[in-house]
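Asks: Assemble the complex: chain A is given as a structure, and chains B, C and D must be docked to it using the hints.
Residue strings, one per chain:
4 protein chains.
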Amino acid sequence: MWDGAGAFQLPEWMIQFADQKQEFNKRPSKIGRRSLSRSISQSSTDSYSSAASYTDSSDDETSPRDKQQKNSKGSSDFCVKNIKQAEFGRREIEIAEQEMPALMALRKRAQGEKPLAGAKIVGCTHITAQTAVLMETLGALGAQCRWAACNIYSTLNEVAAALAESGFPVFAWKGESEDDFWWCIDRCVNVEGWQPNMILDDGGDLTHWIYKKYPNMFKKIKGIVEESVTGVHRLYQLSKAGKLCVPAMNVNDSVTKQKFDNLYCCRESILDGLKRTTDMMFGGKQVVVCGYGEVGKGCCAALKAMGSIVYVTEIDPICALQACMDGFRLVKLNEVIRQVDIVITCTGNKNVVTREHLDRMKNSCIVCNMGHSNTEIDVASLRTPELTWERVRSQVDHVIWPDGKRIVLLAEGRLLNLSCSTVPTFVLSITATTQALALIELYNAPEGRYKQDVYLLPKKMDEYVASLHLPTFDAHLTELTDEQAKYLGLNKNGPFKPNYYRY
Amino acid sequence: MWDGAGAFQLPEWMIQFADQKQEFNKRPSKIGRRSLSRSISQSSTDSYSSAASYTDSSDDETSPRDKQQKNSKGSSDFCVKNIKQAEFGRREIEIAEQEMPALMALRKRAQGEKPLAGAKIVGCTHITAQTAVLMETLGALGAQCRWAACNIYSTLNEVAAALAESGFPVFAWKGESEDDFWWCIDRCVNVEGWQPNMILDDGGDLTHWIYKKYPNMFKKIKGIVEESVTGVHRLYQLSKAGKLCVPAMNVNDSVTKQKFDNLYCCRESILDGLKRTTDMMFGGKQVVVCGYGEVGKGCCAALKAMGSIVYVTEIDPICALQACMDGFRLVKLNEVIRQVDIVITCTGNKNVVTREHLDRMKNSCIVCNMGHSNTEIDVASLRTPELTWERVRSQVDHVIWPDGKRIVLLAEGRLLNLSCSTVPTFVLSITATTQALALIELYNAPEGRYKQDVYLLPKKMDEYVASLHLPTFDAHLTELTDEQAKYLGLNKNGPFKPNYYRY
Amino acid sequence: MWDGAGAFQLPEWMIQFADQKQEFNKRPSKIGRRSLSRSISQSSTDSYSSAASYTDSSDDETSPRDKQQKNSKGSSDFCVKNIKQAEFGRREIEIAEQEMPALMALRKRAQGEKPLAGAKIVGCTHITAQTAVLMETLGALGAQCRWAACNIYSTLNEVAAALAESGFPVFAWKGESEDDFWWCIDRCVNVEGWQPNMILDDGGDLTHWIYKKYPNMFKKIKGIVEESVTGVHRLYQLSKAGKLCVPAMNVNDSVTKQKFDNLYCCRESILDGLKRTTDMMFGGKQVVVCGYGEVGKGCCAALKAMGSIVYVTEIDPICALQACMDGFRLVKLNEVIRQVDIVITCTGNKNVVTREHLDRMKNSCIVCNMGHSNTEIDVASLRTPELTWERVRSQVDHVIWPDGKRIVLLAEGRLLNLSCSTVPTFVLSITATTQALALIELYNAPEGRYKQDVYLLPKKMDEYVASLHLPTFDAHLTELTDEQAKYLGLNKNGPFKPNYYRY
Amino acid sequence: MWDGAGAFQLPEWMIQFADQKQEFNKRPSKIGRRSLSRSISQSSTDSYSSAASYTDSSDDETSPRDKQQKNSKGSSDFCVKNIKQAEFGRREIEIAEQEMPALMALRKRAQGEKPLAGAKIVGCTHITAQTAVLMETLGALGAQCRWAACNIYSTLNEVAAALAESGFPVFAWKGESEDDFWWCIDRCVNVEGWQPNMILDDGGDLTHWIYKKYPNMFKKIKGIVEESVTGVHRLYQLSKAGKLCVPAMNVNDSVTKQKFDNLYCCRESILDGLKRTTDMMFGGKQVVVCGYGEVGKGCCAALKAMGSIVYVTEIDPICALQACMDGFRLVKLNEVIRQVDIVITCTGNKNVVTREHLDRMKNSCIVCNMGHSNTEIDVASLRTPELTWERVRSQVDHVIWPDGKRIVLLAEGRLLNLSCSTVPTFVLSITATTQALALIELYNAPEGRYKQDVYLLPKKMDEYVASLHLPTFDAHLTELTDEQAKYLGLNKNGPFKPNYYRY
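Chains as they are written, first to last, in full-length UniProt numbering: chain A, 1 to 503; chain B, 1 to 503; chain C, 1 to 503; chain D, 1 to 503.
Next comes chain A alone, as it looks inside the complex (with noise of 0.2 Å):
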């Protein structure tokens, strides 16, 4: 033990990963599709979303390719599900324009400088209203986009509508198959006299198509901008195997997404997601939450506040001792799981949750997943015979054991906070933001900055996307004086911290 030595190996969540990309690529089934995509792909179709459900056009059941649309400029360059409902998508943008200053302070300050002139960007993300305030932003910056969905469901028909109907030829709709999936992103890539020189990916499937099909591409593509977990994995794993050939940049692991992603989002997302679902009162409760990252921390912090009283199971030492410090008594799952009202797994792990434990704990007992993937609670051990499960409301099932005994699954153990509660736009401003300013940065980069590597965004640009989100908290900041600037060694327009800094 006195060896302080210790190398990250590679994960085999990393190396299913793998195979099941190889999987794919043959001919993926539905579900093979679904399982590499993020896991919000698995609960947006029946999630609370409002926005989910804007107007009513499921009775139209012809495919969307087989219709002939015109935008009201005569253009037919787009594939959408009605162009006539444009107008309701657009007072949809509208709102969220509202909501997302900080794309909309860039525009302004881009109105001279055009930093994306010359730009050609293909995008690959969710198409909802804040998605759409970042792609007109980037229209705004001077590039020019064409864009996919990257998920079957999460598209929002309205708005791709509105997009077309302003110009934007986007392909996507709620409830693509397989084959339309990878048609919307054939569209957008493969164009008579368009090139793209920039891919904005969330997950991956864009980059991954054109490296399959037209590599060649590659030779005129600036840089990769990658918002997702898996996505930033398939990259690295590029990046390993010598394969990437043009810089990418990491927006995932930047501070404030991070954060606002994780710790400020969870601590409100978990209170939303189990009222929505079972209507608890959270005073006097006794939880555990298995995991203290900043989803368990965020989840802790919450629920404490709330009245509950909360254990929390850890690997880390380290986090472990913050638990303490933080007023939570760390323990194994086994010590309390007889006892325990809610629980909660926050870990990135697998199995953490098994059958055993989902067989002692106590009647009415509430089980649900925060963490990053739907294996940390072993669901698959209770589709078994001797239990009956009950789907009593939407996203949650009653799983009931022969004594009578009822366990409260939420979400069939998928993400709770994706499933069940909805994401501020404020995050998802913030998110976007990030993308923009990443593009910005690869396709402004002097010659050499970036090599064909994978990048974090610089500290710099993760401090402007800040600030540019101050000013909705009306929210002063102070500057630096040059002499404490001096003092401090330090420019008085950042970076203000050092790379290992911790917030």
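Rather than coming from a laboratory, the hints here were simulated on the basis of the structure.
Wrong hints could be hidden among the right ones.
Said to hold, decoys possible - Taking lysine-lysine and the PhoX-like style, the derived pairs with C-alpha atoms no more than 25 Å apart in a straight line are: (1) D:Lys108 - B:Lys362; (2) D:Lys332 - A:Lys362; (3) A:Lys219 - A:Lys243; (4) A:Lys332 - D:Lys304.
Stated by the list, open to error - Derived list of chain C stretches under chain D, where covered just means 3 residues or more per stretch with a C-beta under 8 Å from a C-beta of chain D: (5) 328-337; (6) 392-401; (7) 487-499.
Just so you know, even glycine gets a beta-carbon here, dropped at the ideal spot from N, CA and C.
Replies: Just chains B, C and D now, with coordinates in the frame of chain A:
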């Protein structure tokens, strides 16, 4: 602004420091001397620490250097105030042992192994009961030690006596002169028939002395372990200048130490320091905290919890956004200076509170500093003829304006937490354990693991320090199963996080 | 001002209420009717409560009054929507039983005793699964019950069917007309060969009906138990006017009910109501809460914990001082109205938020009411031609000013907690248990204990309700030793506090 | 149990008290005397209050009774330690004035009115700078005052000197004997040509003395204002016994005083008391708090906020349920006694912590009392031969078991908040203002408003005290409009709540 690059320049205070060192090398004045040591030295004389005055030995005016003392085994290889105080000091050490279970656990584990067998450690630190537990642990692990004080005021004479009595060559007493200070260090290093092979330093004075006087000693020295901000900077300077001739371990920046010394410790000491000095009530008070790093976060959380209304100032937009999300209004100091009841600085910067701010504060406003150095409040600007200073208690001055307005200045702008509250043994235990592990690592590292450079404690060690402190809280860590470890790509014994993880 | 005296005058809204009652007696319009019932009635139609639409029976347009239905035992002494829905309703009741352990405990304790043997209770409350558990508990304690709904919208048809199936004469369905409403009440009261001797009322309509139509019945009635604010005020009016001819128990003001309905429940429902309607993020938001009573205290605590910056307005200097000590800036609404993101009223007062305030709010400001009535926000003032109303979701209106500014008005100013979140079963359990104990107390009280007046629940009963709910939390109460009870001058079984104790 | 009735019997400790008083009347020993006064008297000698030793006058051994002193105006109608210390005392009074704005505001308002013109007040309280501000306020309102100390240790000699110098007949010094104590009181009361018409008492000794020695004086006395728990009980006993011959005002139970003395003050003083005595770290510590009244609520909230894990014991199921909802596990002491790091009593009960509990505590467990009396911990049971007591600091004893286990007992089981922390001036300001208003009310009340009984402060006065303290927090109260006042049935100036309101 599209240029994301930004390098850390050499900060002014490090340049100043280098200048001071020059000065210092010539012939340090008493003032010069203190400005080189940690700020604790400036305040320890009048601190509240009850330990500082165990027994009354102030009547004995003979210099220890002029005394002939022997311990009960006949040795006189030490120099302390009064060897007869050993018994009292021993009891203090025994009490401290009860609160430092991690070091006691190390002793037990090492009973067979003796990982420091053959080590000859020369140390220069504060000499307190906690240090004594560290020294005796190093002894139990097989090391020989010689020790001096890193501060002319902070030695507990009784503890020094107890160490001398049990055979440790200790050269230290409370109230050394500058000359005494260096004489003590020299007596540790310059010994017939004994050459150190490890250095444990706190502030860099010991290291500096050996560099100047006995550079050849470094041939046998396997490494330096340095704890203080100041000492670490000296080492990085040496390294940059290519003059560092042995590996050095920076234990100041380990996760555990940082979180405990800053966030968790300050969360408590801000309340303690304010209460002991002013007996004020926190409820309803308006407070502005300058700086939202770990120290600021701790101060803000504590005061908010006690019912204060807290404003924050920041220069870094990321920390600023964190303050917003944590529920604090982000302001410029000028906006609130007229209305606040308390001003607390935690920036590490200089002149954060200027005379102009002080002029505008309301009557009875309390001003104090929790940051890195005593430069944050421009105290010098208050030493002008039109203002009257009135010492109302130890560490508390009223500065009175001509119109009768009083400002309550604590610890003359030096660190409130060190001057007016005490550091809990638990925090000292973490530091001491980190030091012990760093010594073990450097002493046992295979050839080539460490070069002539400054290293952070390996994460695995950091985690090990944390794990040794969990039993204090009866905290039970979960172990990964083989399957889980494989899934995550982790070794079951850690390290559990990548180096960039932010905790 | 040296005169400390001050008497409570009859408040205007009670006088108004008396006027309305006059009106109401003539021939209530549908609107008039609803304004007399608890505000839940106004909002229950479009509430989020999933329970409100268990099964789809909306296609059956025949009035229940025109149907011929029999339960499986051949009885037709009931009138519900559809007796065939009984099975579904029974499952809901069984689930509710699991969350109402106090009533289940009462059933067990009463197995031998039957404290309600001989009681003939006529009830008029919301008819939900929780009410069903109460009714079946009263039955188990020996009582005969007949039941109508206190609200024309809130009946769960399936639950009513289940009660009818198991033999309870229930007269209620969702969507009654005004005429139906009184017909149902009359069918409960006016029965051949059965006369009620106890009344359980919620809102006072049942009591009122008997006063008007069957005043002679009061000769046999031992008491009235009333739960609502409105009904309690009606009783105090009757009492003042010397017209109350039986004892009445005000269970609305018991400690347990007050704390749970207000402080603890609102602490959670403010977050829930805001999230479900707006998906907003709380962190960093500026909020003003008008009123710092129990409801305001709950709202403030929750929002502060979620990272909002909270301001408070108050008229009562004692509550104001509490707000200060709890860390909230006490302001006048005008001082912050331009800067806040959310305005929440919890005053019980009228026109706390005026049109002038609304005109000055910033774009996207959210306005909602958590207080007693829907008078707190002057919503009427917004129904002017120059403002556009846009319904963006159920319970969410955008009110749009000519310059494009939008105010987000929730639940049209009605109670957010009742309209946009659900009341936890645990809170309903406390109320139901209190009602059961009040019935038992009044029914069993020796002659002369209660006169023709309105009483609070005896403290010992209040304590008993609390004690029945402790097992939910696995909470273990300490018992006084004989010696301790004597020392304190207390009975070991309580009551433990003087009546003026403030908790 | 269906019988809801329950009357408060006379508690044993009041009976004991009555016995003690008997004892006391014969000829109180020094111990007996102290056990009758407020517990502050027991601890004030070794308190941390820096104010207790402003100047060194300990060398002067002459009894003040034997000295001939005159103030600068030639008066010798006083008896203090040393009239020459007046200047120092005056400065302390001036500083206190700045922190007691409510009394200063009263002075201003009364400039014309003099509501105490003609009042002759005899007072017996702690003599501190804050009391001096009260006395000089009473003077400014028109009263004549004569004053003695209610505690033989708590007088600040410098303040007494300053009062004497400015013309107040003060009879008090630090370190009075029992005989001195009564002599001083007698000198206040028994004066040629001056008869008191108001009594301000703290503990009841002054009232008692007049009852015994000068019962005829009550003919001219308009009322008694009593502040302490003990004194209030004495008054209720007199009232019960029909021997109270003037109206008395119980200012101890006013809302403002209760919340500040208990909830808000203890929230801070528990942390302060523990830190000053033990320098412990709160984070991660397991604590059991016995009793969840106002004091327990304050302790629990503070420790939870500092990261401790807190358990609660309770006998009252309502308070127990509150503890649950606030997030604390409710346990019996036995369940957690082996595992906790700190035991805090706040019950007002006796033998809550028994020798058996103490035997089972773990090593280094800290035991302290925040409750009403020093009976809560059975300290007497620790004074047995097998246990060793070691005084390690002022107010800190280690009690050592034969096996080496140490318990850390604070303040020998007396009140931690009074012994080891200080009461903030703000709290004293609330008390003093309440006393002043009560004197004004009783003195000005029209004939017949108050009978020979004990009264609570009228709510309007309570609200007025609160309102006078709002400016300290720059808090802005909202005023009711006429329309709103009418709607609520309230007078615009209050009182705003019914008497049973719980705050």
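Asks: Determine for every hint whether it applies to the structure shown.
Replies: Going through the hints against the structure:
1. D:Lys108 - B:Lys362: holds, 21 Å
2. D:Lys332 - A:Lys362: At roughly 22 Å apart (the allowed maximum being 25 Å), Lys362 of chain A and Lys332 of chain D satisfy the hint.
3. A:Lys219 - A:Lys243: holds, 13 Å
4. A:Lys332 - D:Lys304: holds, 22 Å
5. 328-337: holds (count 6)
6. 392-401: violated (count 0)
7. 487-499: Three-residue rule met by the region 487-499 of chain C, so holds; n is 12.
The structure is inconsistent with hint 6 alone, although it conforms to all the rest.
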